[in-house]
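Asker: For reference, the chains in residue letters:
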Amino acid sequence: MRGKRVKAKIHVTLKQGILDPQGKAIEQALATLGYTSARNVRVGKYLELDLNEPKDKAEAQVKAMCEKLLANTIIEDYRYELS
Amino acid sequence: MNFGVVVFPGSNCDHDCVHVLSNVLGQKAHEIWHKETSLSGLDAVILPGGFSYGDYLRTGAIARFSPVMGAVTQFADAGGMVLGICNGFQILLEAGLLPGAMIRNQTLTFICKDVYVRVENAATPFTGRCESGQVLKLPIAHADGNYYTDPVTLAALQANAQIVFRYCTAEGKITPEANPNGSLDNIAGIRNAEGNVLGMMPHPERCAEEVLGNDDGRLIFLSMLDALKNAKLQPKMVGAG
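Chains as they are written, first to last, in my numbering: chain A, 1 to 83; chain B, 1 to 241.
Derived from the structure by calculation, the hints contain no laboratory data.
Take the hints with a grain of salt, since some may be wrong.
[Unchecked claim] Not close to chain A: a few residues of chain B, all C-beta gaps over 12 Å, as computed: (1) C112; (2) A122; (3) V135; (4) T149; (5) D150; (6) T153; (7) E210.
[Unchecked claim] Think about it this way: if two alpha-carbon atoms lie no more than 35 Å apart in a straight line, the pair counts; the simulated DSBU-like pairs of lysine-lysine are: (8) B/K173 with B/K229; (9) B/K229 with A/K45; (10) A/K24 with B/K35.
Where a beta carbon is used, it is the ideal one built from N, C-alpha and C, also for glycine.
Kindly produce the complete structure, drawing on both the sequences and the hints.
Answerer: Right, here's the structure in full:
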């Protein structure tokens, strides 16, 4: 029997304290649209992938993928949900 | 000397490097496709500029896993000279051959212009032809050249003279205005602790001939040649196939 398909939803964001020039530009754009109370805009990446593995094995693999490739942990944090 | 210039899918400064080394400086130089797994017989390796793998995910993040990178790491570990220029620098960072990471330019724009950098350490195999404190005019062309590292690593880079180039004014002053991309400490280039790996954002291969109006970049390649001739940094590739 093959494992049930697991969907991983992965968010990669710049660490707190690391300047996010894109976020800053978007914040200014929002302000010009009148959303003057919008603050601390941070831009990140969202990745989805399917794994044909049992959930515990899938989780270990997703974590390893994030550490090795999907995030650069010098500048980025990651979090994921499995369903 | 025998130089290898690695070609990743999306590299675009590979031919410029080969041209400078072979046609301008009379050395042996050839391209190495990124699928290669051996670098035997080479005296030095260059990772050129470009947009490897379209800069997908992060600059250098995917190229770092190209088959050739295992051999580049072995070559560097054995003491071989490795120069990463622009995207090559970004790949060296992602591969962990140099510390730190690149983030988007503070300006959010792709910057393509001549800048001035000050030689902070002239006692490296890549800068031996320069004077300490010498100002070089070199072109940059990048969107992700904003160097970042944590405060502990930055202090170690400073303490070990690993910061080789810093963005400066034409007179050699390190100012925020002279920093084109927001790089920490105006960093334009760093070396590893051992000194045989250098990453730099400016492009010396684009200004190595008088006919181009600027040959400051030639100093980098001439320094490498001097170092190789002194044979202090020749890799010990004993038993390599």
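Asker: Next step is simple, just say for each hint if it's right about the structure.
Answerer: Outcome of the hint check:
no.	hint	verdict
1	C112	holds, 18 Å
2	A122	holds, 28 Å
3	V135	holds, 27 Å
4	T149	violated, 7 Å
5	D150	violated, 7 Å
6	T153	violated, 9 Å
7	E210	holds, 37 Å
8	B/K173 with B/K229	holds, 33 Å
9	B/K229 with A/K45	violated, 47 Å
10	A/K24 with B/K35	violated, 40 Å
Consistency note: the structure conflicts with the earlier hints numbered 4, 5, 6, 9, 10.
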